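All chains should be built: construct the whole structure from the sequences, respecting the hints.
Line order of the protein sequences matches chains D and B. FYI, the numbering for the first sequence is 2 to 260, going by my numbering. FYI, the numbering for the second sequence is 12 to 280, going by my numbering.
Think of the hints as simulated: they come from the structure by calculation, not from any bench. Just so it is clear, the structure is predicted and the values come from calculations on it, not from any experiment. Backbone N, C-alpha and C fix where the C-beta goes; we use that ideal spot for every residue, glycine too. Accuracy of the hints is not assured; some may be wrong.
To be verified - A partial selection of chain D residues facing chain B, derived with a Cβ cut-off under 8 Å:
(1) R10
(2) Q17
(3) L84
(4) F86
(5) L89
(6) L90
(7) S94
(8) T145
(9) E149
(10) I259
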Amino acid sequence: MNTIFSIKRFGKLIKQQYHLSKKNASLTLISLFIGYTLIILFTLMSDRHFTASSWIPLFILLCAGVAIPFAAYAFPAFRRKDLTFEFLLLPCSVTEKFVLNILVRILSPWLLLPFIFYVSSHLASELVLWFSPDRFLEPFAFTTIIKEIGTKELPFFLTLIILIILIIQSVLFAGGAVFGKKPLIKTLVVIGACTALVFFYFFSIIEWAEVFKNGRVPWIAIFDNKESTLKALVIGVEVFVLITTWAYAFFRVKEKQIT
Amino acid sequence: MINVKNLSFAYKKQAPLFQDLSLSEGTGQIIGLLGKNGAGKTTLLQLISGLLTPASGEVLVNEFKSTKREASFLESIYFVPEEFTMPSVKMWDFIEAFIPFYPRFDKQLLNDLIEKFELDQQKNLAKMSHGQKKKFRIAFALATRCQLIVLDEPTNGLDIPSKTIFRQLVAGSLQEDQTVIISTHQVKDVETLIDKIILIDNGQVVFNQSIIDISEKYDFKIVSHLPNNTLYSELNPMGYNIVAPANGDSSEVDIELLFNAINNGITFN
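Next comes the structure, spelled out in structure tokens:
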């Protein structure tokens, strides 16, 4: 049998997760539905003129507010030694265990949260209109987000946004694989420190080294300034960061020990 | 079956626990892994299971390098740790969740063991007492029919009748190609169960002999007066517990006395 990834074993792993987590997963989804509906209800009640575009910040806030901490608490077994023990000795390959966590912690929120938001928003809208029919309320639709981006640049910006969200989730996901305790806070601190370092670097080369003065050109300006090249570069960097983050998380899981 | 080659290991910022330790064990035995507190019994079991990576040397179990933790290797080993948490699910949900991972799993044997341990199948595992959880995990471990079953302090938390049942079930449920390693400091609990004793101290195997060999070579008895050929003795209310060279007959091995004798520097060849 394949030592790296076996569909049969992966099926067993999904079945195992179903048997062990079905109760908790159902309760979580029901709680999210109730929570979303209540938050949307209060927001709609406080605004008598709710346009289609007003849904966008609420949609982003509610989906990101759940998806980000959910990714940061990936590999829940690593929070406790006895659970790490069970995780490591479960007869599956590291790849199978890792892919399952990617599916559950990163990709499943992309399907479930918008769906729950959609149902909650329509339920809340119906309730508000039933209670106060004279108000202006446009229902939520996914097409509103597409319209906001604009059709001309849609493929590029949609890819850009999806990759940025995936990177944020993946960095936090990697933090979940690295830090046993309080992974969300620790990962945010590390990201903060790295960002500060990058900003300091650019500040120092631009301000102190006076790179743009006297006709000098910094390395960041060597690319052809054509729009398509820049777009390809941005997407390329994002894909590279995403793959690197996943690779780093994978090797951290592979080398995990009982300590 | 188990081949430990020149194993060295140290926890971070601590003195080495094992240095150049080697060990080779075949199948079809129940091994008692004994040692003082902190001798490294649990650590050795974790190294054998691939939960820890040695600084140098290697551990092979059925020709699998344990540190790689390949799925086929993990299918052939079941480890019951001293402390563990059970998920908040009913017993059969747990069983249905884990059975597919163990190709030799014997459901009938599990049913029998659950019955003998008098466990309530309808109860939520998380709500069971520590002793009940332990009995369930031991029953599950035996039912997996894994080639290597590792039990770390299995009798901790078990009541006296359960300890007796434990010994009967372990001895009666094993197949010829299975090996059980029991790590314990409660040597009396496994006295009539184990086939072999491995004693570790100061990072080395200081004793490794089968119970049959020991019983044929040495006499364990209670005497009122110490004979001249006594190798080691301990006072007891009736006189002395002694170990002496055997005089042709084999006697039942007093593992606790043997353990104390070795820890007091007596050498048994």
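Hint check results:
{"no.": "1", "hint": "R10", "verdict": "6 Å, holds"}
{"no.": "2", "hint": "Q17", "verdict": "4 Å, holds"}
{"no.": "3", "hint": "L84", "verdict": "7 Å, holds"}
{"no.": "4", "hint": "F86", "verdict": "6 Å, holds"}
{"no.": "5", "hint": "L89", "verdict": "6 Å, holds"}
{"no.": "6", "hint": "L90", "verdict": "6 Å, holds"}
{"no.": "7", "hint": "S94", "verdict": "5 Å, holds"}
{"no.": "8", "hint": "T145", "verdict": "41 Å, violated"}
{"no.": "9", "hint": "E149", "verdict": "43 Å, violated"}
{"no.": "10", "hint": "I259", "verdict": "4 Å, holds"}
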